[in-house]
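A.B. asks: Take a look at the letters that make up each chain.
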Amino acid sequence: MIRLERLRKTYGALVAVDDLSLEVEPGCVFGFLGRNGAGKTTTIRMMMGLLEPTSGTAVLGGHDIRRAPEAAKAVTGYLPDHPFLYDKLTVLEFLRFVAGLYGVRGAEAGERAGLLLEQFGLGRTAGELTETLSYGMRQRLALAAALVHRPRVLVLDEPMVGLDPEGALELRRLVRGLAADGVTIFLSTHSLAVAEELCGRIGIIDGGRLVVVGTLDELRARAGADDGRAISSASLEEVFLGILGAGGNGPA
Amino acid sequence: MTLVALLRPRLLSLRNVVRRGRMRAATVSGLVVLFWIGCFLLFTHVLGYFHGLGDFGPFLTQRLLVLLFLTFFGILLVSNTVTALTTYYLASEVTPLLAAPLSYRRLHHARFLETVVASSWMVLLVGLPALLAYGVVYRAGPLFYAGAVIPAAVGVLVTTGLVLVFPARGTRDALMVGVGLAVAVLVVAVRLLRPERLADPAGLVGFASLLTGFGVTGYAYLPTTWAAETLLPLLGARPGEPLFYFGMLVSTAAMLFLTSAAVVERVFLTAWSRAQTGHVRAGAAERPLSRWLAFVVRPLPGPPGCLFAKDVTVFLRDASQWSQLLLVSALVGIYLYNFSALPLGDGTPLALAMRDLATILNLGLGAFVTTAVAVRFVFPMVSLEGHAWWILRTAPVPLAQLWWSKFWIGYLPLVVFAELLVATTNGLLHVPFAVTLTFLLTLVPLMAAVVSLGLAFGAAYPRFDTQNAAQIATGFGAILYMLACLGLIALVVALEAWPVSRLLWQARSIGGVPATQLAALLALAGGTGGGTALGAFWVAKRRGLRALARLGGA
Numbered sequence: 003m004i005r006l007e008r009l010r011k012t013y014g015a016l017v018a019v020d021d022l023s024l025e026v027e028p029g030c031v032f033g034f035l036g037r038n039g040a041g042k043t044t045t046i047r048m049m050m051g052l053l054e055p056t057s058g059t060a061v062l063g064g065h066d067i068r069r070a071p072e073a074a075k076a077v078t079g080y081l082p083d084h085p086f087l088y089d090k091l092t093v094l095e096f097l098r099f100v101a102g103l104y105g106v107r108g109a110e111a112g113e114r115a116g117l118l119l120e121q122f123g124l125g126r127t128a129g130e131l132t133e134t135l136s137y138g139m140r141q142r143l144a145l146a147a148a149l150v151h152r153p154r155v156l157v158l159d160e161p162m163v164g165l166d167p168e169g170a171l172e173l174r175r176l177v178r179g180l181a182a183d184g185v186t187i188f189l190s191t192h193s194l195a196v197a198e199e200l201c202g203r204i205g206i207i208d209g210g211r212l213v214v215v216g217t218l219d220e221l222r223a224r225a226g227a228d229d230g231r232a233i234s235s236a237s238l239e240e241v242f243l244g245i246l247g248a249g250g251n252g253p254a
Numbered sequence: 010m011t012l013v014a015l016l017r018p019r020l021l022s023l024r025n026v027v028r029r030g031r032m033r034a035a036t037v038s039g040l041v042v043l044f045w046i047g048c049f050l051l052f053t054h055v056l057g058y059f060h061g062l063g064d065f066g067p068f069l070t071q072r073l074l075v076l077l078f079l080t081f082f083g084i085l086l087v088s089n090t091v092t093a094l095t096t097y098y099l100a101s102e103v104t105p106l107l108a109a110p111l112s113y114r115r116l117h118h119a120r121f122l123e124t125v126v127a128s129s130w131m132v133l134l135v136g137l138p139a140l141l142a143y144g145v146v147y148r149a150g151p152l153f154y155a156g157a158v159i160p161a162a163v164g165v166l167v168t169t170g171l172v173l174v175f176p177a178r179g180t181r182d183a184l185m186v187g188v189g190l191a192v193a194v195l196v197v198a199v200r201l202l203r204p205e206r207l208a209d210p211a212g213l214v215g216f217a218s219l220l221t222g223f224g225v226t227g228y229a230y231l232p233t234t235w236a237a238e239t240l241l242p243l244l245g246a247r248p249g250e251p252l253f254y255f256g257m258l259v260s261t262a263a264m265l266f267l268t269s270a271a272v273v274e275r276v277f278l279t280a281w282s283r284a285q286t287g288h289v290r291a292g293a294a295e296r297p298l299s300r301w302l303a304f305v306v307r308p309l310p311g312p313p314g315c316l317f318a319k320d321v322t323v324f325l326r327d328a329s330q331w332s333q334l335l336l337v338s339a340l341v342g343i344y345l346y347n348f349s350a351l352p353l354g355d356g357t358p359l360a361l362a363m364r365d366l367a368t369i370l371n372l373g374l375g376a377f378v379t380t381a382v383a384v385r386f387v388f389p390m391v392s393l394e395g396h397a398w399w400i401l402r403t404a405p406v407p408l409a410q411l412w413w414s415k416f417w418i419g420y421l422p423l424v425v426f427a428e429l430l431v432a433t434t435n436g437l438l439h440v441p442f443a444v445t446l447t448f449l450l451t452l453v454p455l456m457a458a459v460v461s462l463g464l465a466f467g468a469a470y471p472r473f474d475t476q477n478a479a480q481i482a483t484g485f486g487a488i489l490y491m492l493a494c495l496g497l498i499a500l501v502v503a504l505e506a507w508p509v510s511r512l513l514w515q516a517r518s519i520g521g522v523p524a525t526q527l528a529a530l531l532a533l534a535g536g537t538g539g540g541t542a543l544g545a546f547w548v549a550k551r552r553g554l555r556a557l558a559r560l561g562g563a
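Chains A and B supply the protein sequences, listed in that same order.
Per my numbering, the first sequence starts with residue 3, numbered consecutively.
Per my numbering, the second sequence starts with residue 10, numbered consecutively.
Hints listed in this document are in silico derivations from the structure and should not be mistaken for laboratory results.
Check the hints yourself; a few may be wrong.
[To be verified] Below, a sample of chain A positions facing chain B; criterion: calculated Cβ distance under 7 angstroms: (1) C30; (2) M50; (3) K75; (4) L87; (5) Y88; (6) F99.
Each residue gets a CB set at the ideal place from its N, CA and C atoms; glycine is no exception.
Given these sequences and hints, build the entire structure.
C.D. replies: And the structure:
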């Protein structure tokens with residue numbers, strides 16, 4: 003499970019994330035939505051121990067990222083929005099390296115890496131340097147690396163960016179499969195269609211604050227209450243615009 | 010779109026960097042001015058010395074000017090070829106330029122100017138004080154740039170030809186190795202000229218006859234000759250036809266510029282397309298290097314073993330990293346040669362005193378040479394993780410463990426290198442064993458401090474914008490790192506000077522050092538110098554860990 007406890011990040015007078023608390027149950031796919039600059043990536047970076055929160059904390063798989071960062075990271079897989087890799091390692095070497103960091107070594111690492119490479123359509127590029135891969139293939143490789151240690155929590159920041167339709171479909175299948183196996187998934191995305199299709203619960207962040215959390219139906223109800231009209235069959239896009247308003251910078 | 014508009018992003022970026030880091034800009038400017046003043050004084054002194062040699066002097070200064078131009082031209086030729094490869098075919102900003110409604114000719118002009126500036130500023134930095142010292146600053150400017158255009162145009166043409174035939178990344182690697190070799194050969198060649206002979210009028214004759222080999226008439230078709238033939242008559246050194254040679258220089262530069270523009274205009278898209286194709290290597294999924302490293306790291310615990318295997322693999326596959334070993338090897342060769350060439354063996358009191366001084370300084374010099382190696386290999390370690398740092402930071406590996414992994418990877422080869430260097434040079438100086446032992450023991454914590462400082466400065470001043478280790482080692486943080494190490498080494502040498510001089514004196518006057526005194530002196534040297542180094546190591550480690558924690562990730 004994932005629990006964010008009053009997470010806050012400030013840069014001088016600027017409040018990037020403000021008092022953000024939420025909980026995601028095991029096996030749930032949680033969609034994290036918001037406009038550009040709303041605080042999604044900052045939140046994720048604090049969750050993953052890449053950025054120190056000003057206050058508050060995140061608990062991943064029962065481990066506090068501030069008090070027991072290694073334990074929290076050991077059960078978590080992470081795909082950043084721009085997954086930079088080591089250019090001079092081959093695809094297979096990269097996967098084995100990441101596996102080693104998570105304590106998966108030897109034959110088990112090789113077996114696991116081989117399976118993931120086949121699953122993500124990278125089997126034929128196993129001996130290539132990662133610098134020769136296209137953006138989409140690098141994205142697939144980074145995703146394979148996030149799964150190499152069989153995480154119980156998966157944090158995905160814009161995972162669909164750069165993927166071709168086949169890759170995107172494969173990823174959606176994978177997310178559903180992992181959730182069915184009990185993996186808790188935190189998914190930040192700009193694709194409202196993907197969120198609508200995959201996420202059991204959705205949170206919308208705006209100006210660093212969590213504006214609303216709930217199932218799609220709960221969000222519809224909330225948007226309808228705000229709007230003063232019933233929008234029980236509204237799409238997530240309409241709900242999103244209804245909650246945040248179509249003005250300003252517009253939706254992300 | 011005008012040329013100025015195309016160069017605007019670069020100029021605005023530079024302005025913003027200066028505005029946001031006024032302190033850094035002021036420090037760099039101060040260091041550059043100091044460097045210029047130092048170079049100017051040195052050149053003025055050397056030229057003044059030559060002029061005092063009667064009829065012989067002007068001849069020597071003319072030849073030295075030709076040699077200077079020839080060296081600059083060679084450096085510019087190589088540097089422009091490497092730079093053009095990046096600015097034309099590998100830089101990310103070429104993509105939006107290609108997508109813009111912009112002719113290839115105009116794109117060539119913008120990239121050309123950037124190539125000239127990027128590859129010539131260092132030569133200008135070093136060359137200007139020398140030309141100032143020749144008293145020709147007002148004429149040197151146009152000459153220098155006319156001279157700089159020629160190698161840039163040749164570089165663009167060579168690069169374009171190479172990219173059309175070979176993959177761009179392979180070409181870059183091959184060029185980097187070529188540059189490493191060329192610089193190493195140049196450094197060794199300059200040393201083998203034995204410039205110390207210049208201080209001795211008898212030896213000067215031999216040196217001058219060697220310089221005669223760089224005669225003006227022997228290289229009539231070289232632009233460096235035209236530059237010298239333009240300058241020398243203007244200097245009043247001898248009669249000539251400066252206008253003719255200036256015309257040769259300018260017209261050749263213009264012709265080559267237009268040729269390069271025409272060639273680039275015709276083949277740019279083909280060359281660019283080829284450059285985007287990576288070097289795809291068919292074959293087994295697992296390479297022999299991986300298998301060998303997996304065997305080597307088997308006894309090591311998980312993350313340190315993985316990090317070691319990864320760092321070694323990246324090092325061996327990145328030509329910008331391992332090609333620097335060529336230059337380091339040349340510097341070490343020169344260092345050893347210098348010690349073997351010192352005239353300390355005549356047994357006079359002066360020679361003995363000089364040997365004692367050389368011995369005491371050898372600890373500092375050996376440590377400093379090792380620091381020069383560390384700035385190329387340890388300081389860039391954090392920057393080379395680059396944007397992939399997120400992989401390590403999100404892995405369940407404590408920051409301290411990452412730090413120690415980096416430390417051992419840098420420390421073990423460097424401490425062995427420093428120990429061998431100092432032991433060898435002490436052997437060449439016939440230094441008593443007790444003194445050598447003191448130095449070797451001191452180097453253990455001193456090198457730990459040097460590596461720890463390298464990681465601290467590397468984390469505090471990371472350069473994620475480049476993957477070229479050689480470039481990382483020339484940044485602002487690298488200069489600060491060198492200065493910090495220089496200060497620490499000077500302090501350690503100063504602290505150990507007295508105990509070491511006692512050891513040297515006793516070894517020479519009574520033929521050996523009693524065990525009790527040896528132990529006392531060793532303890533004193535270790536306690537002061539070694540203790541200081543350990544203190545620096547500890548402070549740098551703390552600062553380094555803090556800087557690493559601040560780095561965040563992708």
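A.B. asks: Each of the hints needs a verdict: does it hold here or not?
C.D. replies: We went through each hint and held it up to the structure:
no., hint, in the structure
1, C30, "21 angstroms, violated"
2, M50, "5 angstroms, holds"
3, K75, "4 angstroms, holds"
4, L87, "6 angstroms, holds"
5, Y88, "5 angstroms, holds"
6, F99, "5 angstroms, holds"
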